[in-house]
Amino acid sequence: MSTAAWQRATLPLLILGVLETAPRHGYGVSAALVEVGLQPIKGAQLYPALVKLETDGFIVASWEASDSGPARKVYELTDAGRTELGRLREEWREFTAAAAALGAAPAR
Amino acid sequence: MEAKSFAERDKQWGARYLLVLAGQDGINREILVRRQNELVDSIDAAGVPADELFGDPVALARADADELGTAEIAAASEEGFGRRDILSVAGLLLILQGVIAGILVIVGGDGPVDVTVGPAVLFAAIAASMLAGFVAVAEFSAGRTRKTVTAGVSGIVILLGGAALSAWAGDRTVLVAGVPVWGVALACVLPGIFVFAIGRAVPKSVPQTQWTDEQWFARLRDGLRAKGVSAATVDEHERTLRAGIISTAVDDFGQPGAMVHRLASEDPAAPHRTWRLKVGVTAVFAVGIALGAVASIVDEGLSWGSVSFLAILVLMAPTALRVWRSEPEKAGA
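Protein chains in written order, with my numbering: chain A, 1 to 108; chain B, 1 to 333.
Fair warning: there could be bad hints in the mix.
[Stated by the list, open to error] Below 30 Å or equal to it, Euclidean Cα-Cα: the simulated DSS-like pairs (lysine-lysine) are:
{"#": "1", "chain 1": "B", "residue 1": "K4", "chain 2": "B", "residue 2": "K147"}
{"#": "2", "chain 1": "B", "residue 1": "K147", "chain 2": "B", "residue 2": "K204"}
{"#": "3", "chain 1": "A", "residue 1": "K52", "chain 2": "A", "residue 2": "K42"}
{"#": "4", "chain 1": "B", "residue 1": "K147", "chain 2": "A", "residue 2": "K52"}
{"#": "5", "chain 1": "A", "residue 1": "K52", "chain 2": "B", "residue 2": "K278"}
{"#": "6", "chain 1": "B", "residue 1": "K4", "chain 2": "A", "residue 2": "K42"}
{"#": "7", "chain 1": "A", "residue 1": "K52", "chain 2": "A", "residue 2": "K73"}
{"#": "8", "chain 1": "A", "residue 1": "K42", "chain 2": "A", "residue 2": "K73"}
[Said to hold, decoys possible] Ranges between beta-carbon positions, derived for each pair:
{"#": "9", "chain 1": "B", "residue 1": "A22", "chain 2": "A", "residue 2": "A97", "range": "28 to 38 Å"}
{"#": "10", "chain 1": "A", "residue 1": "K42", "chain 2": "B", "residue 2": "L186", "range": "53 to 63 Å"}
{"#": "11", "chain 1": "B", "residue 1": "V157", "chain 2": "A", "residue 2": "W92", "range": "24 to 34 Å"}
{"#": "12", "chain 1": "A", "residue 1": "S66", "chain 2": "B", "residue 2": "E52", "range": "48 to 58 Å"}
{"#": "13", "chain 1": "B", "residue 1": "P318", "chain 2": "A", "residue 2": "A22", "range": "49 to 59 Å"}
{"#": "14", "chain 1": "A", "residue 1": "A97", "chain 2": "B", "residue 2": "D51", "range": "22 to 32 Å"}
Everything labelled a hint here was simulated from the structure, so no lab data went into it. By construction, the Cβ of each residue, glycine as well, lies at the ideal position given by its N, Cα and C atoms.
Given the sequences, and given the hints that come with them, work out the whole structure.
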């Protein structure tokens, strides 16, 4: 599966992971993924995902004035979001461990 | 995008997968190729046969279609027929009706006739209400609920108002005296020609990929409102998306229809708001028909007119019941 497909499947985990360190605006979330070697996320996927996380109470949004342009919406992780991030990371660890064990398991 | 080929051992598995996926709603060639390439890459990376890695190709294709196809098909359907097409078709149908009516006038007529106010008003009201009906279909096919309701209600009001005015005016007042039958026949065709001409005058719709940001956001607003998203939430979405534009709205956010579906599906209050609107429209329509039936019975007793009103009420009852029962679960329930 391509990196883009993995990103689509794990988008909530990635977004919450990015916001764990600091609040960011939408473009900042995408830029943070690129910084660690992942692919930029188009707004068509990113914005609905942010809306869903906000609706679920995992992130909160606030408007921040900008010196260079219009105000931008900044997203921040909530306590519920930190708990959700922990849960998603645990699921991901279990999945990758199970996938890794496939190759190590003796043939029957 | 170039499609990658499945390895020889996976060709049969891949063919079954693609065949089933292609048959699902909302799946186009772009999605097929993108998904095929993802699968080929995954199988190469895993180094195991496709059936071992993914299992049953039919089950996988159906599951993938649920995820991949929904937004695209909904977005595509919201492109609608377009006002130009609808008005052109409506014009042709009205011309056809006009020709038939004209032939009947010529065949049945015996010399010049006096055109009175009553029949003239009724004829105009029928043509105008039909036109409003076609406009309502165009707006509905484009997902614009408010404009659909406006056009539909306007059509009903015009028809009922025209019928009432026609009955009141009757044959007493002569509008034009001594019109030759060929003139009356020609007048029957004129509304259709008029509507058809308007249809051809409407500019051809521009593909969404060429939309300006204003067109994109207008479509987003209409779509979200039609799906029951509140005005405040729509404003907030628009403000956020505008602030996030780097290139153009189309480049950054894709098709507005797909965005509408994704955002509306994340609004827990939207389905309930849409349901209330449907119930309201159905109730207004039913009350209007019921009042028509009562007025008809009071005026003429049990006549064909009053029976028609009652028949419409009976026929629309199952639809009204279905609308009432379609109430979505309340948010948080």
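Hints versus structure:
For the hint linking B:K4 to B:K147, the alpha-carbon distance of about 46 Å lies beyond 30 Å, and the restraint is violated. Proximity of B:K147 to B:K204 is assessed by CA-CA distance (about 20 Å); at most 30 Å being required, the pair is judged to hold. A distance of roughly 16 Å separates the Cα atoms of A:K52 and A:K42; the hinted pair therefore holds under the 30 Å criterion. Proximity of B:K147 to A:K52 is assessed by CA-CA distance (about 29 Å); at most 30 Å being required, the pair is judged to hold.
Only pairs whose Cα atoms come within 30 Å are accepted, and A:K52 paired with B:K278 is accepted, the gap being roughly 26 Å. A distance of roughly 24 Å separates the Cα atoms of B:K4 and A:K42; the hinted pair therefore holds under the 30 Å criterion. A hinted pair counts as satisfied when its Cα atoms are at most 30 Å apart, and A:K52 with A:K73 qualifies at roughly 15 Å. Of the supplied pair hints, the one linking A:K42 and A:K73 holds, its CA atoms being roughly 17 Å apart against a limit of 30 Å.
One distance hint, 28 to 38 Å for the beta-carbon pair B:A22 and A:A97, holds here, with the actual separation near 36 Å. At roughly 57 Å, the beta carbons of A:K42 and B:L186 sit within the given window of 53 to 63 Å. A hinted range of 24 to 34 Å for the beta carbons of B:V157 and A:W92 is inconsistent with their spacing of about 59 Å. Look at A:S66 against B:E52: about 52 Å separates their beta carbons, and that is inside 48 to 58 Å.
In this structure the hint that B:P318 and A:A22 lie 49 to 59 Å apart at CB holds, the actual value being about 57 Å. The supplied range of 22 to 32 Å is met by A:A97 and B:D51, whose beta-carbon atoms lie about 24 Å from each other.
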